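Sequences and hints are given; from them, build the entire structure.
2 protein chains.
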Amino acid sequence: MTPAPILISNVTLHTDCSSPLRHGQWLLCRDGRIHSFGPMATVPDCPEAIQLDGTDRLLMPGLINGHNHCAMTLFRGLADDLELSRWLNEHIFPAEAAHVNEEMVYHCTKLAAAEMILSGTTTVADGYFHEDQAARALCESGMRAVAAHGIVDFPAPGVADPGRNISAVADFISEWKNRDERITPAVFAHSPYTCSPATLRAAKALAREQELPFFIHIAETRQEQKIIMDPQGESPIAHLAALDLLDDDTVLVHCVWLDERDMNTIHTSGAGVITCPQSHLKLASGISRAAAMDEMGIPIGLGTDGSASNNALDLFVELDILAKTQKLQTLEATAMPAARALATATENNAGILGIGKLGKIAPGFKADLILLKLKQPHLQPFYSSDSLVYSGNGSDVETVIINGSIVLLEKKLLSFDLDETLEHVRSLAKPLGHL
Amino acid sequence: MTPAPILISNVTLHTDCSSPLRHGQWLLCRDGRIHSFGPMATVPDCPEAIQLDGTDRLLMPGLINGHNHCAMTLFRGLADDLELSRWLNEHIFPAEAAHVNEEMVYHCTKLAAAEMILSGTTTVADGYFHEDQAARALCESGMRAVAAHGIVDFPAPGVADPGRNISAVADFISEWKNRDERITPAVFAHSPYTCSPATLRAAKALAREQELPFFIHIAETRQEQKIIMDPQGESPIAHLAALDLLDDDTVLVHCVWLDERDMNTIHTSGAGVITCPQSHLKLASGISRAAAMDEMGIPIGLGTDGSASNNALDLFVELDILAKTQKLQTLEATAMPAARALATATENNAGILGIGKLGKIAPGFKADLILLKLKQPHLQPFYSSDSLVYSGNGSDVETVIINGSIVLLEKKLLSFDLDETLEHVRSLAKPLGHL
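Order-wise, the sequence lines are chains A and B. 1 is the number of the first residue of the first sequence in the numbering used here; add one for each residue after it. 1001 is the number of the first residue of the second sequence in the numbering used here; add one for each residue after it.
By construction, these hints were calculated from the structure, which means they are not laboratory data. The model shown is predicted, which means the values in this text are computed figures rather than measured ones. Glycine is no exception: its CB is placed at the ideal position from the N, C-alpha and C atoms. You may find that some hints are simply not true.
Some chain B residues near chain A, calculated using beta-carbon distances under 8 Å [claimed, not checked]: (1) Leu1074; (2) Asn1178; (3) Asp1386; (4) His1424; (5) Val1425.
What follows is the structure, given as structure tokens:
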């Protein structure tokens, strides 16, 4: 169904990360795309359009979350302040073994979708198990998503037999490919310490054959090299390169611990990197060299990671922390300026995920847009788009348009019944200690 | 005027940082204090009280901001991503010279007060010039404040003759001491690189004589020792110790660069430390050893610093970043657990500022309380108070009580006309480039 046109008037536009703000503008969405925009003197007469007033508001591209495990909202705050291997082995893995099932993935992914939409995220790259339920939840939520099915070499939720770990993903892909224009299925090989070289090759072969993104967690901790199954190279990145896994459809998640050679390898391959600065801090993994990689020309995107290690999914806060921690990483206050940070969660992520004309306001681009309220104390004065990074947060978002449809209107979620989802999650969380 | 009693019912209580959450509680405020609380089965009949429904909400002590330059909201986002000395000398100092006057301090401090109240801060320690206007604005806003008048050895806004830098503060103190129970005047010697040893001694002598807090910026950058005027010791802290400036009424702001000896000096003296992690990141100063100091028993508090270097004044985000960056500083995910972080902006700051029974919910404590909405996607599930640090943000705050009076009710500011303040700040910001 084609959505009705939408005309937004009297609005300040942030079109992209290299243009100045434009004040007093109109913008027209038609057929799910940005049709045109301009100064109010040229506003078109468009009585068939839904009219939105943009006075004292800013319109910008919806944010794109390059890495999440949406269903992990169930474990938000369940086990904080713990060392990574204890956190995983004593808390997260046992909780997943006991509580991850189709129902959990569906409802907890919907909770994540509500949180993301409310905070201005219009696209998410998810990676989990029972990914068909995640894709269903994300599709129903109105979001755009890359839904990547997980692969590990041990029994996993929904894939009891590791011998079927590749074919289960192939089945998932055939179910979701071309089913809805907003949902792109993909392949997520968990890591080189949970997948053998043979599994990694097979997973990438499937992604290549289907021309879909291939994700992998890589170089998250300093110790990772020691726990790689059957290493084929001298570093986690060299291991992937030796297996021929790197190309411009490969998405490398984390990349905290890289040397110069690794960075050159990634640069040459065309692969993208998703950094998750809050998760890297909270788990004491370190800080990625995102600013240096960005300057080299490696495509750098941004993700929140799952809500067990963040714990909120607000990309505006993530942008702020990315920009600030890069200044610490380099001890240069000029590193990762606000506009470059903002690009990671818009233009860069769109390119890395390869999902079309997204992440900018330009005619013909997909109409994934968010409208923020500027007349609030923490956003005043508002001298430039820098304030979106250093002062903004997800609660500034009032209205969200995805694929030309209004999904959030004045903070009210239109796409599904949030109270019903909250009730389902509450009942799932009770056995875990939720009030 | 004594405020009417307030009875909050059916609420979840976070009383302090060492107690578990209490669900299904009532709490009664009377005469500006917390009178009593308990489970709903024992709710008192109190028809004369204002009734607030706490269903699906959490009540906690109002947050205390240990360091701010409130009036600098005017410069929010004016000069981001710049190296510290260029930022100060080419942007902030010239902007201050041109734009800081009584009117600016009054209105821009009010803007900061609105932002802080809306995000759950009930007390602020401010430090600036024309501090009488800041104190007036904070008093009118309904906040509790320590208003510290700045001292430097060069001409400053309102103190054209540096020879009067101490007497101007003495005049300010006599004007504000005992004028309003919510406002405590204090002394802020800017730093050892802008104040001579004689000025520092005189400033501390004034604070001692008046039994008021003495603030100083110290050890913010690695290079600071080199620019101290006439050093009396081997480090910035040793310099202050040699001048006999350290005691339990001294508040040391920043303390990013300390060695073991400095930490022992501070510990022995009883002085408190205010860390401002976001400002330290944004200006590429570094990360303080807050977790280590906290473990030693040094009182560690939290501040946002001014909005030129943060850029928002949301202490919930500051808590999150404090807890997370301490994990990076130590490379231990167990460092600065959420409860210890939360203490910095509540119990610890109350003690460091020495302004009485504040920062906990307990009978007899001042009724500075904030009510947060829990039934929101990013705060669900809610297993413990950790989620206030790792998932909460200022926009979760709906209602704020300060000194027993309702200052914010369901996100509406009751104490002053916010639109009027926004208009004043807008006209002040126009010459600086605000739309």
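| request: Against the structure, test the hints numbered earlier, and report the numbers of the ones violated in rising order. | output: Hints 2 and 4 contradicted; others consistent.
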